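There are 4 protein chains.
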Amino acid sequence: MSESAHCDILPDLQNSNDVRNIPLHRVGVEDVLFPLRVQQKEGRPINTQANVDLYANLPADKKGVNMSRFVESLMDYHNDILNVKMLRDIVSTLKKRMESEDAFIRFNFIYFLDKQAPVSKKIAPEGVPVSVVGFLDADDNFHRSVRFYVFAQTLCPCSKEISKYGAHNQRAKIRVDLYPSNMKHLEWFEDVIPLIEAQASVATYPLLKRPDEKWVTEKAYDNPKFVEDVARDVGGLFNEWLEGGRILGFGVKVVSYESIHNHQAVAYYNNGTPPFKG
Amino acid sequence: MSESAHCDILPDLQNSNDVRNIPLHRVGVEDVLFPLRVQQKEGRPINTQANVDLYANLPADKKGVNMSRFVESLMDYHNDILNVKMLRDIVSTLKKRMESEDAFIRFNFIYFLDKQAPVSKKIAPEGVPVSVVGFLDADDNFHRSVRFYVFAQTLCPCSKEISKYGAHNQRAKIRVDLYPSNMKHLEWFEDVIPLIEAQASVATYPLLKRPDEKWVTEKAYDNPKFVEDVARDVGGLFNEWLEGGRILGFGVKVVSYESIHNHQAVAYYNNGTPPFKG
Amino acid sequence: MSESAHCDILPDLQNSNDVRNIPLHRVGVEDVLFPLRVQQKEGRPINTQANVDLYANLPADKKGVNMSRFVESLMDYHNDILNVKMLRDIVSTLKKRMESEDAFIRFNFIYFLDKQAPVSKKIAPEGVPVSVVGFLDADDNFHRSVRFYVFAQTLCPCSKEISKYGAHNQRAKIRVDLYPSNMKHLEWFEDVIPLIEAQASVATYPLLKRPDEKWVTEKAYDNPKFVEDVARDVGGLFNEWLEGGRILGFGVKVVSYESIHNHQAVAYYNNGTPPFKG
Amino acid sequence: MSESAHCDILPDLQNSNDVRNIPLHRVGVEDVLFPLRVQQKEGRPINTQANVDLYANLPADKKGVNMSRFVESLMDYHNDILNVKMLRDIVSTLKKRMESEDAFIRFNFIYFLDKQAPVSKKIAPEGVPVSVVGFLDADDNFHRSVRFYVFAQTLCPCSKEISKYGAHNQRAKIRVDLYPSNMKHLEWFEDVIPLIEAQASVATYPLLKRPDEKWVTEKAYDNPKFVEDVARDVGGLFNEWLEGGRILGFGVKVVSYESIHNHQAVAYYNNGTPPFKG
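One line per chain: the protein sequences are F, H, L and R, in this order. Under the working numbering, the first sequence has 89 at position 23, and the numbering climbs by one with no breaks. Under the working numbering, the second sequence has 244 at position 178, and the numbering climbs by one with no breaks. Under the working numbering, the third sequence has 164 at position 98, and the numbering climbs by one with no breaks. Under the working numbering, the fourth sequence has 189 at position 123, and the numbering climbs by one with no breaks.
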């Protein structure tokens, strides 16, 4: 039986009036699991398993949003491939379906990059958590952002400097938010992720044979970095993008899972003006 | 440069002797991200993003395992599709490569099932977390197990019984471990998951229109279940499989995220004899 | 041996110059476990187990912060009781020790409130996660904020309206950030938490006997609320505080762990102007 | 109004008959937050914030357990101090109240130990997650177990051996389950935790000044350990306890958060015969 027939029978509470005079800037659903196809730089699109958040604003006079329409809008794109056009389309669809002033979607998924070990040249895929956001504002302007969680190694300059031998090192997480100005094409993750990774002491690799492990150990020792250094070097890299107009703003957070403590060392850096809260 | 050339130069510490006389039953890697293709009941294989654990035993006289070989073994199956044959092959490969007495692999991933809403008939994919385990023991016997995390709703019989109207209900998680006897074919997730789900008060659905929401609300109210009931009903279902020889053992854990408390109500039930610790 | 003696021998890398011209607005440590005593409204201070974050800014010309001084500053307050005076003191100490322009501390801990069941009157403690933040800015102005995670139940108005009987309900989390104007006294958690909780369909209780369970079931059924309603009612409550000057700004996020879906329904509302990013 | 008066009015569903002939070995509540006082080796008891699990068995003929009695039993011990006597009492109370054949309680909390830096001698508290379990079986025999999560550093022997300089190292987690034979006294955490920690390459410390950081860096470099080594050395330590009859069984799991990979290296070892499933 169609939904509209039932509408005559079933009251639509969400669509009724609200008198509290409080507009909500963001209402929606979070953690919707959805199979999402993503365009790679080369080769066929890959399938990912996205965790999706969808929001719309709710004007002061309306009681609630029709939550099922978020999931329906997502389902309309079941077979599409994630790229900027699809992002634009989906927030546009969302805005119409939700009868709202704006619409927001966030896709969180793992992107696999082939990682080649430095000496043995053996290749294995490394999974990088990323997020892609699309937002259509009240003036129908489209905005987007992308987030990367790049894992790498930091080796402590102080520890190296003061010790007879050795230097403590550890896994670190570099979280980068970019607000690109290009509304036509997504950045290729294959291009951006290595740039971020290169700012750490050395990258991590899923597959390392002994010659690779030697290379990685010595490279890190030759390239000690505080979390402050990583934040600055990633910052410097994206400051150039900002000056070149490639992005409108960005944020960096570096977290080092210190091997000498049971707590984390962290450093933050932001620059530019994100056009929306992502 | 090939790894073997370097072996002449680089000492192989893991392969040296150990004198502590302590065998380790399980050594390996955990949380390796890996793109895995999985056979569906109908249609083409789907791509998932698996989180993989690989282990082998370590005899008392050997100092360590060669950890990179775990990841290499996994990489050999980069293009394969997960089914029982592939599982058998991969633990066999692992056992040879690790030069161990046994080998164990666990794939954790999200499996998508199309879920059809009960009245509107609208379809949307629902992601179900599953795990598939393969184990080749010291006698070269192959064993396997599979785990499901099925989310559904429980509605409280007591609350319904004693109240003038309403009944508290909540999201619940039904975790099932099966140790199948069939070493040729995986169970189709499409067959097993609905059976488990049917033991709750009502299933969850990613997409519900108002007529569906009415149906789901009334169905749950008609079908109140304590966590004890769900554990028993899932238990009863799989006791039949056990008696029929379809499985060698199983375990159930039901967790209800009680809406009247900020803690969980739980119930456990096991039966049969798992042939290995999975 | 004292640290200063070693300073003559050990280079102080963090204190050297940096030429990248990138100031970092926040550098520090996160997830430091610390036993913290907290003032209750009545009775003796309670001991909590706090998870602490400490930051300071890093000017462009300095290479790094001296991370150990964060933990040392925390240790100086080992025996103090958390109240506004202690918060002011600790960020002041931090700012001096770090030789920075600002200093920030965040204490995350569980606060226990005695919860009395509505009919049986039986009392049991309920643990509420809270965060307390203190910030001393570059002009030596002190700011603070406090965050609450209040768990309660929401019952769906739509489900109630359209169904012959029953109504789906679930556990919900109401996250509130307050930026108080009072720089002398902390709000008593005992006062604020019940106000927030009262905006849901009904509160959760650690201990409910059958008469209580009946009361809670019927109360929720009489008081259906969308997440939008809860966000608006919590928002309305704190809008009054804002108008009265009791707070400078606030934020609300309501998350409902829907019992009919395996995803969450959410609503956000903010108002006022937080004086810092907390 | 008293609960007993209402019992006459309110049906007691959990106490009714069940005909499915399925006994459940474990039914109860999980994640109950509870303020717990714990006896220290020296000094006054400390307050912790425990996360508590309570279970009882459910015989085949009974429909459900009375969940509120778990929390009530816990509340009876609100002011008690955790030691073996209290553990014995509480499972005994639980067994009577639940009218069950057995009763099980698990307290998960953070235990703080003062950690002294090796050179500067500065002291700061380090939080160690622990679990304490008590179990009263169908024959009224009392059993107990205790779990520790000790964080420390592992430095890779292979990396050290093959590299010109440096050696990758990382934070590691050593999880130990002990099944003590002593039914009178808890082990002092202050005694056990340092023994476990000493099996890693070096301990972690909350507070390290530069001379300490040098000491820790060099100590780790002098003491390289694979996860296999740590598992064996912890295993060897507790094998002595087992032979001496101090414990009935134990289990070890070592997890190394490898700084060269974005996955973990792990090793497991068990010995003896745990008298119950904890």
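To be clear, the hints were calculated from the coordinates, so they are not data collected in a lab. Computed from a prediction, not measured in an experiment: that's the story for all the values here. Treat the hints with care, since some could be wrong.
No distinction is drawn between identical chains; accordingly, a pair holds when it is met within one copy or between any pair of copies.
Unchecked claim - As a list, the in silico SDA-like pairs of lysine to any residue whose alpha-carbon atoms are at most 20 Å apart: (1) 188 with 303; (2) 285 with 260; (3) 343 with 247; (4) 239 with 341; (5) 187 with 319; (6) 187 with 239; (7) 188 with 111; (8) 239 with 91.
Hint check results:
1. With identical chains, the CA atoms of residue 188 and residue 303 are never at most 20 Å apart, being 29 Å at best within one copy and 39 Å at best between copies.
2. Taking the shortest Cα distances, residue 285 and residue 260 sit within 20 Å of each other inside one copy (16 Å), while across copies they are farther apart (34 Å).
3. In this assembly of identical chains, residue 343 and residue 247 lie within 20 Å of each other by CA distance solely inside one copy; the values are 15 Å within and 25 Å between copies.
4. Taking CA atoms no more than 20 Å apart as the test, residue 239 paired with residue 341 passes in neither setting, with 25 Å inside one copy and 29 Å between copies.
5. When the C-alpha separation of residue 187 and residue 319 is checked against a cutoff of 20 Å, the pair qualifies neither within a copy, at 31 Å, nor between copies, at 33 Å.
6. In the homo-oligomer, the alpha carbons of residue 187 and residue 239 never lie at most 20 Å apart, since the shortest distance is 24 Å inside one protomer and 31 Å across protomers.
7. Taking identical chains as interchangeable, the C-alpha atoms of residue 188 and residue 111 are never at most 20 Å apart, the minima being 23 Å within one chain and 27 Å between chains.
8. Taking the closest pair of Cα atoms, residue 239 and residue 91 come within 20 Å of each other only across two copies (18 Å); inside a single copy the shortest separation is 31 Å, beyond that limit.
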